[in-house]
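Asks: Spelled out from the first residue to the last, the chains are:
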Amino acid sequence: MKTLAPVDVVIVGGGWSGMIMAKEIALRTPLSVLVLERGGPFRGVGSYGEEMDEVDTFIRKRFAENPAVETFTTRATRKDRANPLRQYGALPWMGTGMGGSGDHWGATSPRLMPEALRLASHLRERYGASRLPPDTTIQDLGITWDEIEPYYTRAEEMMGTCGKAGNLKGRRIEGGNIFEGPRSREFPNPPHPMPYGPLLFAKAAKELGYHPFPMPSSTLSRSYVNPDGVGRVGCQYCGHCSGFGCMVGAKASPNFTLLPLLEGRKNFTARTHCQVRRIVHRGGSAVGVTYVDASGMECMQPAETVVLAAWVFNNARLLMLSNIGERYDPVSFRGTLGRNPTYSVHVGLDYFLDKPQNDFMGSGGLGMGIGDFGGDLGADGAARGAFQGGIIFAYQQGDPPVISAFGKIPKGETQRNWGSQWKQAALKWNDRYGTFLNTGNHFAYRQNYLDLDPTYTDRWGDPLLRVTMDWTDAERKQAAYMLEKEVGIAEAMGALAINPHPNAATSGPPLMVDQHSHGGAIMGTSPENSVVNTWLQHWQMSNLWVVGGSALPQGDEHLTLTVMALAYRAADAFVDRYVKRPGALA
Amino acid sequence: MKRREFIELSANGLGGLLIYSLAGKARVVSAREGTVKVPLRFFTEPEARVVIAACERIFPADESGPGATQAGTMVYIDRQLAGPYGSDSHRYTKPPFVPSLPGHGYQGRANPQETYRAGIPTLGADFIALEAPKQDERIAAIEKTHFFQLLRQHTIEGMFCDPMHGGNAGLIGWQMLGYPGPRMSYREQLGRFNGVAYRPKPESLSQILGYPVKPWEDQGQDKG
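Quick mapping for you: the protein sequence lines, in order, are chains A and B. With this note's numbering, letter number 359 in the first sequence gets 359, and the count goes up by one each step, no holes. With this note's numbering, letter number 182 in the second sequence gets 1182, and the count goes up by one each step, no holes.
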């Protein structure tokens, strides 16, 4: 093993979390910062233009992490055998390369509802612990709305998020999401123009007494220069968005908004094709990481501070492989590492209309939503065992543009999914349907957890991460409740037919983990219930920071903005407090 | 080295105005040319003929528009199978291979090349000689197999892929759908064609960019 020259801060992963930490630390301190990224370098907008190919980029996922290198195993319960997710289709879209998943995301950027920050306390106060699903391990994040709000604003201003405020300093504003927590400022950019389907959705929702608003999107609606002085142009609605890199740089990505501030700085380095395998620690302190470089050589990178910012569940995996912290035991319920993995209960539907949608145009976060069922479902939901919902939204991403969009047909219209009758039905309905989703809160449970797989290994022989997770009645009730509301809106839109998506109410266990999954190394107020404190500093190792979606104790479809806000908050704590006086901040 | 296989196809059946990449070079084949010799990268000539016939039953030419043969879906599939996808360069292939619930996705050992090689004979040695209803019966009998699921998916891909992949010849699939191709901007159109079809003439990625783009299967294997 080759031992390299020490750095002050080594950051594992070049996605949103790692790059927010890198930028804040490198620009505000003299410390040397090294990002180790498992994938390749930023390929550039010219390459992203050439990558507007559905087969290579969207279907084969050529630029995503190669499952032959590493994947996950999943099972429903700890009595089952876990199987590996062998290929895309079953696997979540694992971002890799500089920018991480932040380079191909859809850029939908809602905030959490204030009560979601203290979900466990809120629901117990309102409904009583005995009415909540048995075995749920939801818990409070341990920070207040006033503590996180400035960081939400900072993340939105960095990205140039588009939208319309529905609650400005406590004043409710129709046209925005009136159910959201109070914002200190209006969105940095106005909403996008809206296509046909989302406009019909908004009209129908309003007639039903709901409160439609443009979904917050971090793809620019116009040219914008952010507070760091980084300028980008507005979205072209090319329809190659979620799943693609942006060929004009309109979609917020770490490569567009953070990397340009770091490149060329003496105290910043990014090394790509470097797969970190272990965090090395001695006497209760991290001393660096080991990784395999592009040539296959094992390297030891000494560092004063280690920041773990790998793909969501890989944070927990690296901690397990490095023997840091007590692993969760699903029998005794002891241990915190690997607790609270979540998915999202994003039940949706396809609605069919007699008018063309031009659905090849669009943008990842382009759509209209309602927040009426966006959080606590109230007495009506609770009476049916459904406590938390999600923002229901009709969107037009434009993608997948053709192949993946072909063949949506109202249920029962054809017997076969091939042949002349099927072809004609598919052609008839092509471009005559749209989609709803909801952001789908997902509770954590005692029986759902992460550990290391006893059988399957990655390219280097390290155990894969094993995800044990199943739906409970609570998810089925929540999905049924939300679907009923969605169907009501689709009917009011004059839908000719409605196909509900397979979902928690109808399908088997969520064997496919999701790019929207969270948890495994969660944050909290005590080492008894969490892996990191609310500054995302490891409870047992103060020079180890674990940043990212791994910190969130319960799930929701769109938490990237929250993950970014938490990363900014961690970066401030590091720069303003930790650097001056290293040690535990909580 | 494997003997180079070719298949001779009717240029007329291929839609006439075909922009075809023969041995890597772009070329326009006119219907007057009669037949065109297409080099095969993975299939044998008899396999290719079965795949053409089966694709045509999955996506037939009929009164609603052209079908799989005219789009060249077999050529698309042949190239995909010969490329990184066909040999599982991006699939987790460590044993043990254990059957599971559908949610886990395909758990078998066979890669797409092996699945096709073993699957094509299950349609019967006489498949291409059969009348369409008999061919449909044979396909219905293997409908639930992994091979058929791949063949069906690849047929749709070959109908509507960018023509650089060998399918969607002459942009015939995109014309049928009214899909304009991967255009760089709809900023002027979004919100202005609500409920009204916007259908400019389709263009391929290379036409839009103004220079040839190489698909993955033509570039060899990426670093994994």
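Be a bit skeptical, because a hint or two may be false.
To be verified - Result set (BS3-like, lysine-lysine): computed pairs, CA atoms no more than 25 angstroms apart in a straight line:
| no. | chain 1 | residue 1 | chain 2 | residue 2 |
| --- | --- | --- | --- | --- |
| 1 | A | K79 | A | K203 |
| 2 | B | K1201 | A | K355 |
| 3 | B | K1094 | A | K79 |
| 4 | A | K411 | B | K1094 |
| 5 | B | K1094 | A | K408 |
| 6 | B | K1144 | A | K408 |
In short, the hints are calculated from the structure, not lab data. Treat the numbers as computed from the prediction; the structure is a model and nothing was measured.
Asks: Checking against the hints above, which ones are violated?
Replies: Hint check: 1, 4 and 5 fail, others pass.
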